[in-house]
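Could you put together the complete structure from these sequences and hints?
So the chains spell out like this:
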Amino acid sequence: MNFAFDENQQLLRESTRRFLADRQPLSAVRARLESASTFDRAVWEEGAALGWTAMLVPTEYDGGSVTHQPLVDAVAIAEELGRVLYPGPFLPTNVVADAIAREGTDEQRKRFLAPIARGETVAAWCLTADGTPDLDAVAVTASGAPGGGLTLDGVARFVHDAHVADLLLVAGRTGASVVQVLVPADHAGVETRVLGGIDLTRRLCEVRFAGVTVDPEAVVGDGARTPDAIARSLRVATVLQAAEAVGAADELFARTVEYAKERVQFGRAIGSFQAIKHKLANLLVELEAARAATHDAALALADGADDAEEAVAVAGSYVRDACAHLSGEALQTHGGIGFTWEHDVHLYVRRARSEQLLYGDPAWHRERLCTLVEARVPDGAAGAGAV
Amino acid sequence: MNFAFDENQQLLRESTRRFLADRQPLSAVRARLESASTFDRAVWEEGAALGWTAMLVPTEYDGGSVTHQPLVDAVAIAEELGRVLYPGPFLPTNVVADAIAREGTDEQRKRFLAPIARGETVAAWCLTADGTPDLDAVAVTASGAPGGGLTLDGVARFVHDAHVADLLLVAGRTGASVVQVLVPADHAGVETRVLGGIDLTRRLCEVRFAGVTVDPEAVVGDGARTPDAIARSLRVATVLQAAEAVGAADELFARTVEYAKERVQFGRAIGSFQAIKHKLANLLVELEAARAATHDAALALADGADDAEEAVAVAGSYVRDACAHLSGEALQTHGGIGFTWEHDVHLYVRRARSEQLLYGDPAWHRERLCTLVEARVPDGAAGAGAV
Amino acid sequence: MDVTVPPIPPAYDGYRERVRAFVAEHRPDLGWTPRAGMRVPDDEADVEKLRAWVRALYDAGFAVDPPDGRGDEFESRILREELGRAGVPYVLGNPLVAGALRLFGTDEQRRTYLPPIARGDHIWTQLFSEPDAGSDLASLTTRADRDGDHFAVNGQKVWSTWAQFADFGYLLARTEPVAGPAGITAFILDMRTPGVTTRPLREMTGTSDFNEVFLDDVRIPAGNVIGEPGQGWRVATASLATERGGVGLGGTADAVAALVGMARRYRRGGAPAIEDSAVRQDIARFAARSRIQRALGYRVATKAAAGTVDAWDAPLTKIWYSELNLELCEYAMALQGPVGALVEGEPLAHDSGRWQDAFLYARAYTIAGGSNEIMRNLIAERGLGLPREARGS
Amino acid sequence: MDVTVPPIPPAYDGYRERVRAFVAEHRPDLGWTPRAGMRVPDDEADVEKLRAWVRALYDAGFAVDPPDGRGDEFESRILREELGRAGVPYVLGNPLVAGALRLFGTDEQRRTYLPPIARGDHIWTQLFSEPDAGSDLASLTTRADRDGDHFAVNGQKVWSTWAQFADFGYLLARTEPVAGPAGITAFILDMRTPGVTTRPLREMTGTSDFNEVFLDDVRIPAGNVIGEPGQGWRVATASLATERGGVGLGGTADAVAALVGMARRYRRGGAPAIEDSAVRQDIARFAARSRIQRALGYRVATKAAAGTVDAWDAPLTKIWYSELNLELCEYAMALQGPVGALVEGEPLAHDSGRWQDAFLYARAYTIAGGSNEIMRNLIAERGLGLPREARGS
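Residue numbers (the numbering used here), protein chains in the order written: chain A, 482 to 868; chain B, 482 to 868; chain C, 69 to 461; chain D, 69 to 461.
Think of the hints as simulated: they come from the structure by calculation, not from any bench.
Every residue, glycine too, gets a C-beta built ideally from N, C-alpha and C.
Be aware that a few hints might be false.
What the hints assert, rightly or not - Here chain D is said to cover these stretches of chain A; the calculated rule only asks that three of the stretch's residues, wherever they fall, bring their Cβ under 8 Å from a Cβ of chain D:
1) 738 to 746
2) 755 to 764
3) 773 to 779
The structure is reproduced here in structure tokens:
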């Protein structure tokens with residue numbers, strides 16, 4: 482048994498951490514908070530050289546992971562990105578890379594995967610109009626176009642990082658079913674608007690499609706498999722998002738413990754007050770539980786375990802609630818200073834609250850989890866009772 | 482505004498408290514814990530002389546309240562009874578008295594109310610087979626008997642104190658509707674069994690009816706009004722039960738604070754540790770909130786306020802959850818000594834957990850509360866939003 | 069027991085009409101959007117409009133809290149209702165000092181300062197917290213040294229509400245070189261005195277509702293002491309307790325109603341969220357806490373009238389309100405689903421992002437005016453008589 | 069990363085059959101119903117049947133934890149599964165001392181005491197807590213005074229598991245007249261030594277799973293010290309940490325499955341509770357916590373193997389399990405509705421009242437072996453390096 486990052490993953494994590502401390506500390510993101518974009522493309526390309534977008538791409542397309550569990554490798558990176566509230570499109574680009582690698586035609590894999598792995602192509606995923614994972618909320622229609630292509634019309638919202646994307650994976654409705662197509666972000670008729678969000682370090686977008694006609698070759702995968710492919714992408718997104726959340730929570734918690742040791746009130750470090758000690762102890766319990774849940778889900782998904790969906794639903798519900806709660810308690814522990822714009826704690830609070838609601842909110846994941854647990858329990862498991 | 486017991490209610494409360502300390506301390510109940518009944522009829526009759534069963538009975542039938550708000554008077558008594566985990570049939574007897582006073586014929590009022598008010602007649606209320614307030618669960622059938630009477634067959638369970646009752650108010654099903662009838666507890670065909678319950682200081686019973694035929698005069702009230710009458714009885718029961726719960730919680734909390742001041746560990750009273758201080762502060766918040774909710778409900782119901790049902794639903798959900806939670810935390814604060822049979826704290830824990838589930842569990846009251854709140858909110862109250 | 073609120077007699081209909089007409093005519097047109105909490109306009113122009121509005125109300129006899137203490141109960145209720153509906157502040161600055169002056173001020177101080185507060189002529193700020201004296205307010209180090217008939221004040225204050233637009237400050241400073249509460253004195257400070265420098269703070273909300281205030285050899289006349297020198301801790305404690313009690317008076321019933329509205333609009337599991345049992349249970353929990361908040365308010369008002377207030381009442385009320393308010397905001401955002409991540413300025417945000425702003429501001433209630441951790445200490449130590457926490461050395 | 073549990077090879081089917089046959093033949097027929105937790109039979113006759121059962125298992129080669137430390141991984145798993153299904157204890161007494169002997173005992177002590185524990189020949193109890201030394205175990209006052217080649221022990225112990233039937237006690241007593249951990253020594257005590265009086269305690273469960281033990285001039289040979297004199301605190305801390313870690317190993321997946329079953333049987337809002345969204349959300353919360361418990365177990369096992377255990381690991385695991393267990397019991401009772409108020413012995417009780425018993429017993433986990441408040445101190449002080457709590461004088 483080894484329920485911890487192995488040596489190569491630890492090296493990956495440490496190199497990512499050093500790189501980010503050098504090239505993308507939170508202070509650098511802060512300087513761009515009120516700009517249209519917080520994204521630094523140069524940093525992204527250097528990150529790609531460190532493997533950020535290669536893990537889920539097969540080696541023949543310039544990809545490659547450090548272990549036989551690429552998703553666990555990606556989690557090791559995502560935790561570090563979360564730690565500095567990294568503003569770039571790590572999550573959506575990897576989700577799209579995974580979708581193309583698993584579902585794409587050879588031609589699509591050849592054309593898109595290598596540029597993604599090399600950091601040249603940034604990808605985003607346009608799923609629904611209301612940001613929920615419910616396929617009924619897919620609001621882009623994909624109607625047949627002359628020559629066998631498809632014409633997209635409609636809108637997708639709450640799309641991570643679409644404003645800096647080169648390539649869009651777009652879910653579209655054709656009659657009763659759903660297809661996914663690849664569309665260049667600069668295609669005529671595609672219009673992207675950054676949404677005004679509570680998260681200041683990362684952007685969510687609205688993407689509108691007006692008469693966007695694509696070739697039949699733009700369709701990803703077999704129509705009948707698309708709902709499963711989307712479900713897979715949601716699982717990957719949920720795990721990477723959980724890993725970012727755990728990384729952010731870990732950093733914020735460490736800073737809060739340090740603050741509690743330094744801040745003196747009533748002639749004592751506030752960390753010597755038992756109410757603060759027990760608050761921090763409770764937060765550590767939440768943090769370690771969130772980390773364990775995230776690694777459990779990553780491992781199950783990476784190994785294709787039978788109960789992977791269950792593990793992901795645990796991460797998708799527990800981790801984000803715990804990290805959002807932790808961020809609020811960290812703020813409370815900081816007191817007035819934490820309430821200021823200049824202090825970083827609110828950036829963590831904002832990130833945690835924003836992410837909590839995407840890729841299925843916690844209630845959505847819990848409903849799914851209950852269904853999965855139910856399926857495992859045979860009738861009559863309650864024990865005897867007579868009333 | 483006067484959101485507190487008035488002078489007469491305070492006198493009533495104090496006399497009740499003194500009487501109980503003298504005649505029915507918890508130690509006296511303890512001595513009977515493992516007997517078939519914990520009830521002391523002599524104490525009950527003396528309590529009746531202090532007005533325990535007179536408040537909801539009109540003066541012409543030997544009843545009478547100390548203020549113009551009889552239910553608030555009854556709450557003042559109930560808190561004191563809860564404090565010593567009084568094992569007698571205060572709650573069901575008052576509920577039945579209220580039902581007869583409001584719904585009974587003149588003949589019924591004459592025959593039953595005075596003996597109830599004087600403490601000679603103990604009453605219990607047989608509603609459903611599963612202890613829920615759901616009328617679908619009424620499992621006594623009331624079929625027409627020769628001479629216009631009714632014959633009762635079936636079972637009611639989770640009946641407070643039926644084993645010591647003289648008179649039963651029984652809900653029975655006639656076709657699609659429900660009637661309530663008064664049945665002497667010693668009537669042939671009535672069989673009462675004490676249920677083995679987690680609450681050691683008060684008994685719940687199963688009451689079986691086999692061919693129990695009563696006169697038409699035994700029917701209480703007009704058939705069409707019966708569901709409303711039952712709903713009223715549930716509200717009265719919920720408020721009295723909340724008052725008992727608050728009284729018990731108040732006593733347990735006070736004992737816990739005293740223990741925290743006395744118990745020394747690590748060379749200090751454990752109450753000097755901030756974790757214990759904050760735990761007790763949180764419990765005080767819960768206790769005061771529970772008390773406020775109970776008085777709010779009692780007042781609204783006593784005054785016949787438009788929103789009385791809402792106030793009762795608040796009490797029925799918040800108060801019992803809070804008091805059950807408080808009992809567990811009080812136990813935790815006591816540590817090992819609280820885990821022993823000899824210490825009283827488990828008797829409070831047991832009472833709180835048992836009562837939590839009767840007369841509609843907290844989830845039932847919350848569902849009702851949501852429905853009532855919804856009815857008050859006009860469409861469009863959410864504010865503007867565009868997605 | 070009685071908490072009956074008597075219905076307003078029909079004879080007052082004319083009064084209500086007059087208030088409505090007045091509001092319609094004088095309601096200021098601000099560049100700034102009023103938000104939840106004690107919030108401050110962005111610029112002087114809006115402040116001047118608000119001053120004119122409060123002055124006009126006062127001069128027309130529409131003072132919510134008349135300085136002579138008289139006033140008709142029904143008129144006062146109508147006025148609060150109608151001004152609440154107007155959605156524009158009608159109290160400017162931090163009125164904390166009014167309680168201090170009523171309890172400890174000289175007759176002259178009361179005459180001089182109370183009417184201009186009511187008329188909007190004077191805006192006040194409080195100068196209490198310091199960078200190293202937050203929860204531990206009694207450790208404040210701003211000095212006020214006696215110099216003839218004046219005091220010379222030096223130090224730095226923070227978390228001063230409205231200070232950027234304030235005419236006067238309610239200042240706590242140390243007049244005796246001893247540690248703790250004993251050497252503290254309360255002052256009235258004219259904010260235009262040389263040596264006073266105000267710097268707006270920007271908070272996590274993105275707005276500037278608080279300030280840092282630097283005091284550099286600021287001279288205050290000895291007559292501006294509130295109460296006696298050395299009595300400042302008592303003065304401040306009494307007025308803060310009033311503020312904490314006040315925190316609980318903001319109703320939350322409207323917020324609960326808004327949750328119902330949101331639950332009707334947003335969906336869960338393919339149907340309106342209001343049909344989801346889990347959402348219904350949650351809404352009921354909030355409805356219960358909201359109604360209990362009102363009942364706790366009745367209780368405290370009853371005890372206040374009877375002079376039987378317990379030491380725990382004000383902190384308990386503050387904890388109850390501030391945690392309920394925070395969780396209401398969090399839940400509202402969760403009910404909105406992904407829309408919950410959108411803020412003011414974004415057209416798709418729910419109700420102009422008011423819940424998101426209220427969420428970010430909510431920590432002002434759980435931290436400021438004594439954090440909830442300090443409130444729990446007060447309940448345990450002063451309310452329950454448990455041993456005091458030891459000071460460090 | 070890897071937590072794969074390899075499937076048991078078909079070649080082991082024969083072993084499983086042999087175990088099953090053995091259990092069918094030797095499973096004792098007890099007068100007493102085994103319950104959740106470390107519970108003790110009501111009378112000596114059942115204890116003797118259990119001793120015979122454990123001995124028979126051992127002699128047949130079916131020892132779960134063979135004293136030689138060898139054993140086949142798959143056989144061990146099969147054995148635990150089948151013995152778990154048998155529903156009868158196969159570990160008697162409190163095995164805490166085994167860890168202490170392995171870490172600190174002499175070779176002779178290990179040879180003398182470990183095999184009889186495994187064979188059920190020796191039942192052990194722990195003699196740690198005292199009436200005035202609960203959370204503050206290091207303040208224990210039971211004295212062990214050196215007298216030649218013996219120690220004379222005087223004092224009172226409490227919360228001693230299985231002591232009424234124990235052959236040996238794992239005793240902590242003070243050999244030096246200093247306060248705190250320094251003067252404490254760990255001993256092996258033969259419970260049949262004159263001066264040892266055991267009195268079963270009755271707990272809130274109504275059962276007697278713990279005891280008071282009175283020690284009156286009890287003579288213990290000096291050779292029965294575990295480790296060195298004065299080293300007892302280290303010995304005890306090491307073995308308690310093992311126990312705390314162990315608390316987390318009780319799985320809760322079966323309990324979550326039982327909740328699903330109850331939600332199918334009991335009704336809410338006129339339909340099976342499993343169709344109620346609020347119940348589904350609650351069940352999912354428990355399922356998540358249960359699965360996380362397992363993952364935390366993997367983590368701790370990984371760290372233990374790598375020698376990188378943190379000071380917070382054992383207390384964190386104990387908090388997680390004990391609170392989850394308590395809340396599971398509370399929720400199970402709530403799901404049952406009014407039936408939740410019925411207990412063992414009542415025919416209408418759900419599943420013979422096991423949830424009600426488990427609820428009442430659940431505080432043994434949140435209080436005993438170091439209360440959860442003490443666990444939070446350990447996390448904060450030893451895990452996070454926050455300042456230690458001051459002792460009183």
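Okay, the hints, checked on the actual structure:
1. 738 to 746: Since three or more residues must qualify, the claim that chain D covers the segment 738 to 746 of chain A holds, with 3 doing so at under 8 Å.
2. 755 to 764: As far as the segment 755 to 764 of chain A goes, the hint holds, because 7 residues have Cβ atoms under 8 Å from chain D.
3. 773 to 779: With 5 residues close enough to chain D, the hint holds.
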